[in-house]
Structures are given as structure tokens and as C-alpha cells.
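In the order they appear, the protein sequences are chains H and A.
Counting from 37, one number per residue, gives the positions in the first sequence under my numbering.
Counting from 107, one number per residue, gives the positions in the second sequence under my numbering.
Treat the hints with caution; some may be incorrect.
Stated by the list, open to error - Heads up, simulated DSBU-like pairs for lysine-lysine below, C-alpha to C-alpha not over 35 Å straight-line:
1. K350(H) x K195(A)
2. K390(H) x K230(H)
3. K166(A) x K348(H)
4. K195(A) x K348(H)
5. K136(A) x K334(H)
6. K166(A) x K92(H)
7. K83(H) x K136(A)
8. K375(H) x K195(A)
9. K230(H) x K249(H)
Just so you know, these hints were derived from the structure itself, not from any lab.
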Amino acid sequence: MDKTGPTAADGRAAPSSEAPIETDAVIIGAGPVGLFAVFELGLVDIKAHLIDILDKPGGQCAELYPEKPIYDIPGLPVVSGQELTDRLLEQIRPFEPTFHFGQRVDALERLADGRFRLVTDRGNAFVAKVVVIAAGGGSFTPKRAPIRGVEEYEGRSVFYAVRRREDFRDRRLVIVGGGDSALDWTLDLEPIAKSLALVHRREKFRAAPQSVKRMFELVEARRMSFHLGQIAELHGSDGQLEAVGVRSKDGALTRIECDAMLAFFGLTMKLGPIANWGLNLHENLIPVDTEKFETSEKGIFAVGDINTYPGKLKLILSGFHETALMAQAAHAIVHPDRKLVFQYTTSSTSLQKKLGVR
Amino acid sequence: MAKITFIAHDGTETVVEAEPGMTVMEAAVKNSVPGIEAECGGACACATCHVYVDDAWREKTGPPSEMEEDMLDFAFEVRESSRLSCQIKVVEELDGLVVRTPEKQF
Ligand SMILES: Cc1cc2nc3c(=O)[nH]c(=O)nc-3n(C[C@H](O)[C@H](O)[C@H](O)COP(=O)(O)OP(=O)(O)OC[C@H]3O[C@@H](n4cnc5c(N)ncnc54)[C@H](O)[C@@H]3O)c2cc1C
Ligand code: FES
């Protein structure tokens with residue numbers, strides 16, 4: 037749930053100005069379907085780069101339910117979200133995909149030569165012959181803090197991620213949450229903040245025990261404070277926070293003076309920049325045909341939870357099927373001069389060579 | 107069958123009949139009870155099926171599991187009586203259960 041810790045978010049601040057990465061295919065989203073797309077593309081000699089805003093592969097399976105069982109993957113009577121992710125990674129290894137984590141694809145446009153240019157929020161650019169959108173329910177984005185009236189302060193003095201660590205220097209800071217993001221940032225920002233108060237609703241933390249221990253040591257040394265309770269009130273004006281009211285279990289209200297609040301309440305999926313790429317959308321989903329799973333733009337495909345067509349089911353199984361047909365169509369674009377012959381992995385020497393089993 | 111009463115933040119009551127074996131969340135969604143969103147479909151992965159169990163029923167529903175407590179960290183105005191309704195299984199003994207829905211589901 038909490039994977040927006042210091043390293044991931046800090047990196048986002050530095051845009052790189054290197055030359056674009058040129059490749060056959062860019063896959064947007066490294067969920068189960070994006071991962072399997074690597075396999076199907078690989079079988080038809082298409083090399084892929086994957087980009088995901090998360091700092092790890094697996095999409096919903098890894099982020100929302102790593103430990104929970106899935107019972108409807110053909111051939112695997114029961115497999116957990118994380119295990120499925122690990123097995124997919126093993127299965128696609130022969131095709132040597134390149135992963136780009138912790139960044140969101142913000143822009144997608146067609147170049148004069150027919151290829152596509154993609155740019156991420158870190159400023160990294162890619163040029164690809166085909167694009168596969170496997171964006172699921174959209175980009176994983178921090179959830180809004182469940183506090184009345186918080187909208188008024190968002191972006192000015194209430195934040196859900198750290199863009200620049202320096203922004204918090206010499207400020208009176210309140211951090212809310214009990215997961216790794218909240219604890220990691222507490223430990224990271226304590227030395228530079230003017231004051232720091234951590235607020236969590238219960239004694240138990242989801243964060244790593246050693247971070248919690250370290251935090252309590254800082255409290256002991258009077259370098260920061262810890263408050264058991266929930267934020268019940270926000271005080272301030274024009275979006276500038278002046279204080280927060282923390283309600284403890286027994287109902288008592290404590291006022292903490294502050295200039296800024298960092299709140300970590302997990303992640304949720306938002307469509308995000310996909311809406312700006314000029315593709316036809318239907319209720320935040322991308323309509324595709326069921327022969328190629330191509331969008332309204334030739335060469336841009338959409339597979340998995342993000343697409344829609346008559347009879348669509350948001351199942352991993354369906355997403356896998358979609359990637360196989362998509363790869364056939366992508367082949368015609370990436371290798372227009374080559375004829376595609378239908379082959380089985382069981383018996384084809386050439387496919388087995390690609391898989392490294394021969 | 108078990109009768110479950112949902113009381114919304116504004117006091118509106120909705121009474122539904124739930125089949126033992128289903129969850130309180132499923133009973134709510136099946137009957138379009140307002141105030142329960144259940145974005146993740148009952149996987150204890152979203153905290154948008156948050157309810158307050160009426161004090162008279164808290165012993166029968168029991169406390170939240172550890173995984174549920176973790177997820178409750180993301181809910182709005184969590185109280186001692188807070189539960190995620192997708193984690194409460196309907197049993198005959200819960201016939202008459204009363205739960206309140208919070209002002210907001212986040
Ligand atoms: C609790 C739960 C239980 C489930 N159980 C089952 C089950 O039993 N069986 C089943 O078949 N399905 C199940 N599902 C559904 C299944 O997880 C989804 O169908 C599947 O994850 C879809 O895979 P995907 O690769 O299409 O998208 P996702 O898994 O949603 O991955 C998409 C990825 O794309 C990234 N992304 C999106 N936009 C951008 C962008 N602009 N830039 C960078 N990255 C981006 C996202 O961050 C995300 O990581 C379950 C879902 C949940 C939540
Ligand atoms: S429905 Fe998502 S946690 Fe209950």
C-alpha cells in the first residue's frame with residue numbers, strides 16, 4: 037500500500053535530458069497484462085520497454101492484493117497476487133524487457149515518420165513503433181486524506197507526496213499515517229523540519245518495525261512528537277494551514293500548530309494523463325476492436341482492464357488473451373516485411389530458441 | 107434470512123434481507139444501500155465499505171481482523187465500533203443487525 041517513500045518520490049524531481057530511448061514497443065503499465073504482453077510480443081520478435089508509476093511490477097496484483105489468492109488463472113488452481121507477478125517475470129525473462137519504474141507516462145504523440153514519442157513525468161523520452169496501453173484502472177495515485185475540508189488546503193499546505201525535500205526545511209510539519217511512507221518521511225524530514233509531529237490513529241503500525249523504533253527514539257530525545265489519534269480539524273485560511281486538531285480515542289482534542297501537513301492514506305487508481313492523448317474514450321475506458329485490440333489510433337493498442345468492447349470482462353485471463361492477438365497486429369507494423377507463421381511453443385524450434393530452451 | 111438495518115448519516119434507514127453466507131457489504135450492494143461504495147468488491151483492499159456497528163451488536167460481530175485494522179487506517183472518522191462491512195459474514199445470529207454508515211467513504 038505504501039510505496040511512495042523517499043527514494044521513489046525524490047527521483048521524480050530530477051528530469052533527465054538524455055536522448056530518447058528507441059525501441060520496437062513501449063508498454064504503459066507493468067500489471068499482469070502488461071507483463072504478459074512482453075511475452076507475446078517477444079515471440080514475434082518485438083522488443084519492449086515497460087513504464088509504470090509504481091516502483092515495482094505487478095499492478096493491482098502486487099499493490100492491492102499481493103497475499104490474496106486468485107483462483108481463476110488457467111493451470112494454476114491457486115496463486116497469490118505476488119506469486120503470479122513473480123511467475124510472469126520469470127516467464128518473460130528470456131525477452132529481456134527493460135523496466136522504467138517510478139514514472140508516469142504523461143505525453144504520447146505521433147511523429148512525422150509514423151512512430152510514437154512518449155514522455156514521462158521525469159522527463160524521460162521514448163520513441164516506439166507501437167504503443168501498448170496496459171494501464172489497468174489508471175495510474176496509482178495517493179488517496180485524498182479522509183478529513184473534512186481538506187480540499188481547500190491541497191497543493192498549498194497539504195501534500196500527499198514529497199516533490200522536493202527542501203520545501204519542508206524549517207517548516208513546522210505534521211505527518212499523518214502509520215505505513216512505510218509516513219514513517220520513512222518522518223525519519224527523513226525530521227533533521228530539516230523546524231518541528232515535526234507524527235499522527236497515527238492506533239498503537240500498531242504497518243511500517244517496518246525498525247522505522248517505528250527509530251521514530252520513538254526521536255520522540256524520546258524530544259526531537260519530534262507522536263500523537264495517537266485522527267485529524268479531526270484543519271485550521272487556517274486561503275489554503276494555508278495554521279494548525280490541526282487531533283482527536284484521540286477518548287475524544288480529547290489536541291491542537292498542533294503547523295505550516296504543512298503530509299498525509300499518507302494509501303493509493304488509488306486514477307485514469308490520469310491517458311485522457312489527454314486524443315484517443316476515443318468511453319467512461320474512462322479505451323474502446324478497441326476484438327481482432328487486434330487496437331485503439332482509435334493505428335499502432336496504439338489497449339489491453340487488460342483499461343480497454344472495453346462488447347462482452348469485456350475485467351479478468352486477468354481475458355487480458356492475457358488480448359495480448360496474444362494484439363501481438364499479431366503489432367508484428368505487421370514493426371516487421372512489415374516479415375511473414376508471420378503460426379507456431380506452437382511446444383514444437384517450434386525458432387520459438388524455443390527465443391525462449392532460451394533450445 | 108437475516109434482517110439488517112443500515113442507518114445513513116442523515117438518519118435514513120434501509121432494511122434489507124440478507125442470506126447467511128454473504129457479507130454485510132454484499133447485502134448492501136445487492137440492495138443499492140446508499141453510503142457503501144465497496145470499490146474493491148470485498149477484498150479488504152479499499153476501505154470504502156466502512157460502517158459503525160451498533161453497540162448492541164458489537165459483541166456478535168466481533169472485532170476487526172489485523173488486516174482489516176490496517177485497511178481501516180485509510181477510512182474516515184474511524185471509531186471503536188468501526189468495521190469494514192465486506193469482512194462481516196452474515197449468520198443467523200446477526201438477524202436484526204444494525205449498522206450506521208459514515209458521512210463519507212474515502
Ligand atoms: C482485490 C482484487 C482482487 C482481484 N481478484 C481477481 C481474480 O481473482 N481474478 C482475476 O482475473 N482478476 C482479479 N482482479 C482484477 C485484476 O487484478 C485485474 O484485472 C488486473 O490487475 C488487470 O491487469 P492490468 O495489467 O490490465 O492492469 P493493472 O493491474 O491495473 O496495472 C496497470 C498498471 O499501469 C500503471 N499505469 C497506468 N497509467 C499509467 C501511466 N500513465 N504511466 C505509468 N504507469 C501507468 C498503473 O500504475 C498500474 O501499475 C482483482 C482485483 C482486485 C483489486
Ligand atoms: S469492499 Fe473494499 S474493503 Fe470492503
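For each hint, the structure was consulted:
1. K350(H) x K195(A): 26 Å, holds
2. K390(H) x K230(H): 57 Å, violated
3. K166(A) x K348(H): Violated, because 41 Å separates the two Cα atoms, which is more than 35 Å.
4. K195(A) x K348(H): Distance ~30 Å between K195(A) and K348(H) Cα, so the pair holds.
5. K136(A) x K334(H): 41 Å, violated
6. K166(A) x K92(H): Distance ~41 Å between K166(A) and K92(H) Cα, so the pair is violated.
7. K83(H) x K136(A): 46 Å, violated
8. K375(H) x K195(A): 56 Å, violated
9. K230(H) x K249(H): Between K230(H) and K249(H) the Cα gap is close to 22 Å, so the pair holds against 35 Å.
In summary, the numbered hints that this structure violates are 2, 3, 5, 6, 7 and 8.
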